[in-house]
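Order-wise, the sequence lines are chains U, C, L and V.
Anchor point for the first sequence: position 66 equals 65 in numbering that gives the first Met the number 0, and the numbering is continuous, going up by one each time.
Anchor point for the second sequence: position 4 equals 3 in numbering that gives the first Met the number 0, and the numbering is continuous, going up by one each time.
Anchor point for the third sequence: position 9 equals 8 in numbering that gives the first Met the number 0, and the numbering is continuous, going up by one each time.
Anchor point for the fourth sequence: position 46 equals 45 in numbering that gives the first Met the number 0, and the numbering is continuous, going up by one each time.
Take the hints with a grain of salt, since some may be wrong.
As the list claims (entries may be wrong) - Now the in silico label distances, taken between C-beta atoms and shown as ranges:
1) V:THR12 to L:ALA89: 17 to 23 Å
2) L:HIS100 to C:GLU45: 31 to 37 Å
3) V:ASN86 to L:SER72: 23 to 29 Å
4) C:VAL34 to V:TYR126: 56 to 62 Å
5) V:THR10 to L:ALA21: 37 to 43 Å
6) V:TYR88 to L:SER45: 41 to 47 Å
7) V:SER6 to C:GLN14: 50 to 56 Å
To be verified - If you want a taste of the chain L side facing chain V, the calculated C-beta under 10 Å gives, among others:
8) MET0
9) GLY1
10) THR7
11) HIS15
12) ALA21
13) ALA25
14) VAL29
15) THR30
16) PHE31
17) ILE82
18) GLY83
19) ILE85
20) ASN87
21) TYR88
22) LYS116
To be clear, the hints were calculated from the coordinates, so they are not data collected in a lab.
Glycine is no exception: its CB is placed at the ideal position from the N, C-alpha and C atoms.
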Amino acid sequence: MINIKTFAQVREVTQEAGFSLPLEKANSTVADVKVTLRMRAPCWGEALDDGVLCAVNQVLCDDSHPVAEGDEVAFFPPVTGG
Amino acid sequence: MINIKTFAQVREVTQEAGFSLPLEKANSTVADVKVTLRMRAPCWGEALDDGVLCAVNQVLCDDSHPVAEGDEVAFFPPVTGG
Amino acid sequence: MGACITSTPLTITAYHEALQRAVPKAGAIVTFTGQVRDYNQQGPISGIHLEHYPGMTENALTKLVTQAIARFSLLDAHVVHRIGDINNYAPIVWVGTAASHRKAAFDGACYVMDLLKQSVPLWKKEYQGEQGVWVQTKASDDHAAMAWLKESPKGEEK
Amino acid sequence: MGACITSTPLTITAYHEALQRAVPKAGAIVTFTGQVRDYNQQGPISGIHLEHYPGMTENALTKLVTQAIARFSLLDAHVVHRIGDINNYAPIVWVGTAASHRKAAFDGACYVMDLLKQSVPLWKKEYQGEQGVWVQTKASDDHAAMAWLKESPKGEEK
Chain U
0 MINIKTFAQV REVTQEAGFS LPLEKANSTV ADVKVTLRMR APCWGEALDD
50 GVLCAVNQVL CDDSHPVAEG DEVAFFPPVT GG
Chain C
0 MINIKTFAQV REVTQEAGFS LPLEKANSTV ADVKVTLRMR APCWGEALDD
50 GVLCAVNQVL CDDSHPVAEG DEVAFFPPVT GG
Chain L
0 MGACITSTPL TITAYHEALQ RAVPKAGAIV TFTGQVRDYN QQGPISGIHL
50 EHYPGMTENA LTKLVTQAIA RFSLLDAHVV HRIGDINNYA PIVWVGTAAS
100 HRKAAFDGAC YVMDLLKQSV PLWKKEYQGE QGVWVQTKAS DDHAAMAWLK
150 ESPKGEEK
Chain V
0 MGACITSTPL TITAYHEALQ RAVPKAGAIV TFTGQVRDYN QQGPISGIHL
50 EHYPGMTENA LTKLVTQAIA RFSLLDAHVV HRIGDINNYA PIVWVGTAAS
100 HRKAAFDGAC YVMDLLKQSV PLWKKEYQGE QGVWVQTKAS DDHAAMAWLK
150 ESPKGEEK
């Protein structure tokens with residue numbers, strides 16, 4: 000299992016702030032997790048549109064980044080703090 | 000009469016912080032005042048060496064600036080505050 | 000060095016004094032306080048809400064301050080960021096830098112604020128009455144700016 | 000707007016709070032505090048003495064702050080400069096700027112400090128024990144920097 004987290008618009012669009020997700024195969028990547036999430040519900044397709052960022056274990060990652068059992072995988076829009 | 004003021008090194012070299020000086024002629028300039036001061040004592044020659052600044056009535060001036068009866072004429076080194 | 004997130008009002012004076020106590024021999028101290036403005040490009044607003052990513056936000060702020068200290072040879076640097084509901088005119092963020100000379104202190108504080116705006120996981124919603132609207136940014140700009148966050152916070156600093 | 004000379008210790012916190020009270024709606028507040036370092040290029044020092052030109056110093060500071068406000072569209076700017084004998088590590092100068100956005104507040108504070116160092120009639124003597132030595136500057140640089148002071152403080156601002 001991996002831990003999915005969402006923030007800001009991604010959280011509001013999916014209405015899921017955090018949940019566990021089984022890893023479907025060995026050597027998964029962020030791209031694979033996105034495929035799984037898009038199939039979860041139509042709102043996930045909207046939420047994962049261009050511009051959404053991903054952090055694996057709180058480090059910002061590209062789609063090619065590996066995702067392993069127990070990882071925290073977060074999706075959120077570009078930041079607007081300060 | 001005009002009022003001469005000195006600050007920092009100029010004050011220490013001349014040992015004169017402030018005094019009145021008669022204006023020797025009409026249409027005097029800062030340069031004329033300097034000539035008078037250089038004749039006042041040898042230390043004034045040293046004090047008015049290159050780099051000394053002059054303010055007439057608290058506004059920084061060149062040697063060509065006019066000096067009139069009652070003016071405050073100050074001589075001081077480049078500033079080093081802050 | 001300090002980086003901290005709080006949901007309670009910022010106590011600017013206390014932060015300033017703490018920085019001064021931490022590095023009493025500093026020649027230059029610069030502080031920045033960012034406060035909620037009562038307007039945006041669409042008109043007046045009535046306050047904001049700031050969401051953060053617990054853990055990652057603190058890590059990003061810590062990394063940012065550590066990098067600023069190394070890059071500008073600062074004697075010290077602190078950052079405190081408020082989250083949650085924040086009223087107009089209230090402080091949102093405070094940055095303090097200490098250095099031997101003023102240019103480093105100014106540059107360090109500017110750097111922290113520039114990168115913070117672009118790369119710390121905080122999201123701002125602006126309220127007009129009950130209606131909250133997420134502040135948007137250009138994803139393209141932001142992707143580039145966030146690149147530095149891709150280095151592990153525990154990894155080697157460049 | 001405020002520009003002030005004092006021979007007593009600076010009260011940084013009070014100045015900061017006064018600026019905030021003066022412009023509570025500012026989006027950005029930047030402060031700079033300059034403190035006496037315990038060394039110069041020749042070695043350790045034991046304190047400084049700052050001489051000023053009563054009247055002209057206040058006028059120059061006022062003009063500087065007024066120019067900074069106009070140039071960077073600041074909401075407000077304050078400067079306080081200490082004179083007389085000052086111990087190592089004590090604050091010498093405090094500058095505070097308030098603006099709608101952070102760049103103006105930072106730029107305004109930098110500008111005030113840059114010009115202050117070059118163009119306000121203050122002279123610093125550094126002490127090594129009983130021995131006081133005037134700080135020197137290159138006259139050529141300084142003449143150029145002081146040029147702006149040649150405009151009358153009561154004249155038109157450019």
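Evaluated hints:
1. V:THR12 to L:ALA89: 17 to 23 Å: For ALA89 of chain L against THR12 of chain V, whose Cβ atoms are near 19 Å apart, the range 17 to 23 Å holds.
2. L:HIS100 to C:GLU45: 31 to 37 Å: At 33 Å between Cβs, range holds.
3. V:ASN86 to L:SER72: 23 to 29 Å: Taking Cβ atoms as reference, ASN86 of chain V and SER72 of chain L lie about 25 Å apart, which means the hint holds.
4. C:VAL34 to V:TYR126: 56 to 62 Å: violated, 36 Å
5. V:THR10 to L:ALA21: 37 to 43 Å: violated, 20 Å
6. V:TYR88 to L:SER45: 41 to 47 Å: This hint holds: roughly 44 Å between Cβ atoms.
7. V:SER6 to C:GLN14: 50 to 56 Å: violated, 23 Å
8. MET0: violated, 19 Å
9. GLY1: Constraint on GLY1 of chain L not satisfied, violated at 18 Å.
10. THR7: With a minimum Cβ separation of about 18 Å from chain V (threshold 10 Å), the hint on THR7 of chain L is violated.
11. HIS15: Check passed: Cβ of HIS15 of chain L comes within 7 Å of chain V, closer than 10 Å.
12. ALA21: violated, 13 Å
13. ALA25: ALA25 of chain L check passes; min Cβ-Cβ to chain V is 6 Å, inside 10 Å.
14. VAL29: Result: holds, 5 Å to nearest chain V Cβ.
15. THR30: Holds - the Cβ of THR30 of chain L comes within 10 Å of chain V, reaching about 5 Å at its closest.
16. PHE31: OK, holds: PHE31 of chain L within 10 Å of chain V, min 5 Å.
17. ILE82: violated, 18 Å
18. GLY83: Nearest chain V Cβ about 19 Å off; hint violated.
19. ILE85: violated, 13 Å
20. ASN87: Holds, because the Cβ-Cβ distance from ASN87 of chain L to chain V comes to roughly 8 Å (cut-off 10 Å).
21. TYR88: holds, 5 Å
22. LYS116: Constraint on LYS116 of chain L satisfied, holds at 9 Å.
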